[in-house]
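Novice: Going line by line, the protein sequences match chains A and B.
If you read the first sequence in the numbering used here, its first letter stands for residue 45, the second for the next number, and so on.
If you read the second sequence in the numbering used here, its first letter stands for residue 35, the second for the next number, and so on.
Hints in this document: simulated from the structure, not taken from any laboratory.
Check before you lean on any hint, since a few could be wrong.
[As the list claims (entries may be wrong)] Result set (DSBU-like, lysine-lysine): computed pairs, CA atoms no more than 30 Å apart in a straight line:
| id | chain 1 | residue 1 | chain 2 | residue 2 |
| --- | --- | --- | --- | --- |
| 1 | A | Lys109 | B | Lys390 |
| 2 | B | Lys219 | B | Lys205 |
| 3 | B | Lys112 | B | Lys47 |
| 4 | B | Lys390 | A | Lys57 |
Small disclaimer: the values here were computed from a predicted structure and weren't measured.
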Amino acid sequence: MADEIIVEYKGRKYVVKTDRRYTETDEWAKPEENGVRVGITDYAQRELHDIVGVDLPEPGTRVKKGEELAVVESVKATSDVYSPVSGEVVEVNERLYEEPELLNKDPYGEGWIAIIKPDDPSELDELLSPEDYAERIKQGKAGH
Amino acid sequence: MPRIPLLDFYVEKLGAEPGRFGDWEVPMLYTSAIEEHMSVRTSAGFFDVSHMGRVILKGPDVLDLIQKIYTKDLSKVKEGWLSGPTLALNEYARVKDDEMLYKVSDEEWLLVTNALVREKMLSYIKEIASKHDYHVEIRDMTFDYSMIALQGPRSPQILEELGAGWAADMKVLEFRINEEIMGRKVFLISRSGWTGEDGYEIWGEHKEIAGLVEKLVEKGVKPAGIIARDTLRMEMGFVLGGHEYGEDPLKYPCALSLRYGLGAISWKKHGFIGEEALRAYRREGVRWIRVGVKMGKKAARIIPREGAKLVVEDQVVGWVTSGSFSPVLKRGIAQAYIDARYAIFGEPIDVEVRGKLYQAKIVDFPFIRK
C-alpha cells in the first residue's frame, strides 16, 4: 500500500503513514475538517511498550506547540506527549481512559489522542514530512 | 559495560529487546512485559539473571566470616540448602545488600549478590576477611556461568517433562550441584526465585544454558525480560537496592524500617556488623515504615513513580521508593516509606503525581493474594 512507509531500524519494522506530518518527539498531526488530529507514532508506542494509562487535557484547554498535551503511562515509564501545534483542544479520545492499550494496538487510528483547533494552520507545514520522519527512525534519531 | 553472556542469542533467536539495567546490558522484554508477567503468574516463564553477582567463599573460617557480615544466624544451615534472603548492614544499620547464601559444605558457601553492588560487596567481604584474619578464599564466579530463573506454577511439570522428575521432588530452598537436564550439564539448580511463584534457578556454562533454554521454549515457556521481573517483584512487595534500601543514612531509613520479614534478622545472634545500631532502633522505635500503596479505583491507571509524595490532610508524611503497574490488579502500585505514626493499613492516603493529588490506600504486602 502506498499510504505508508515501512522503515527498518535495528531489525524492527516501523510504520510511518504518508497522510500526515510528524514531530521530532514522535507525535503525528493530521489536518481534518474540525482541526488537527494528534497521536503518537508507531515508533513511539513500540518504545514505550505496554501502555496502561493516559492523562488527557480537558476540551477547551489551550496548548502551545512543543509543550505538554497529554501524559502516557507505560509499565516502563511516564512520558509526555507534546503538542505539534498551538491552539485549543476541541476533543479528546476518552476511550483511552478505559482502553489505553489502543495506543499500542492502533496508534494511527483508534489510538488517537486529541483534536486541536490550530491558531495558525500553516504551523503544520513546519512539521516533518513522512519521508523525513522515516529517515530519522532509520538513522536512530527518533525518540524523546 | 558488562552484558548478559547469552544476550545476542536472546536477541537473534527469541526477539529480545536489549536495554540497560544499571551498568548491565540485559533483555528488557521480548513481546510485552504484561504478557510475560501473566505467563509467570499463570503458567511459566524464564528470565536470564546472569547479572546477579555470584561469589564462592571457601576456607576454614567461612562461617565466622558470613556470621560477621549477615544479620541471619547461618550456623544451623544444612548442606545443600539456601539460606536467606538476609541482609548485610553497615554501622548505621543501613542495608548494603540483600543476598541468598548457599551452603555447599562446612568450608564452602556460595552467595548471590544484587547486580549493581557485586564489585562493592566483593571488596567489602575481602576487607572484612582480612581485617579479622579469616582464612577464606573469595572468588567472583559471575562470568563463569549463565543463570536462568524458570518461574511459574508449571515449572516443576516442565522439568519433569524434560526428564528431570527429581527436580519436582526438590523442596523449596533446596539446591543440587552437577546435575543434568536433557543432556545439558547444570552446575547448580535450586528451587527458588524472586517472583512469588514456584520455580527454579539454574546455573550452567553458557552453551549448556542456551541448549536448555531452547528446550524450555519448545515446551512453551515464555521468555521474560527485566521489566516483567520488576512488576513481579513489585506485586509481592520485594525490595530492590537503590530504591527501598541503600547505605546512605540521610537517604534511606534503617534496616528495621524495611519490614523485610522472611527471618532475615536473627535477634538471638550477636556480633554482626551493624548490630549495635540496629538494636538501638529496635529499642527506641523507628520513624519510618515501608508500606504498600495501592491506587484507588478512580486513579487506577496512575503510576506513582519513585519520589512521589504521600499526603494526609495537607501534610507530606512519606515518599514512594518504587512504583509500578500491577497486571493482576490492573492498578498502579507502589512501595513507600511513611511516617510510622501514619502507617495504618487500610487507611486512604493521597499520592502527589505531577502536582495533582490522587486517592490511594495504605496496604500490607504482598499486593496480591497467593
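Novice: Measure nothing beyond the straight line between the CA atoms of A:Lys109 and B:Lys390; if it is 30 Å or shorter, mark the hint as holding.
Specialist: The given pair, whose Cα atoms are some 23 Å apart, holds under the 30 Å limit.
Novice: Just to be careful, I want the Cα atoms of B:Lys112 and B:Lys47 compared with a cutoff of 30 Å; is the pair within it?
Specialist: Roughly 40 Å between the alpha carbons, so the hint for B:Lys112 and B:Lys47 is violated.
Novice: Taken at face value, is the distance from the CA of A:Lys57 to the CA of B:Lys390 at most 30 Å?
Specialist: violated (38 Å)
Novice: Would the pair B:Lys219 and B:Lys205 pass a check requiring their Cα atoms to be no farther apart than 30 Å?
Specialist: holds (21 Å)
Hint compliance for this structure: hints 3, 4 are not met, and every other hint is.
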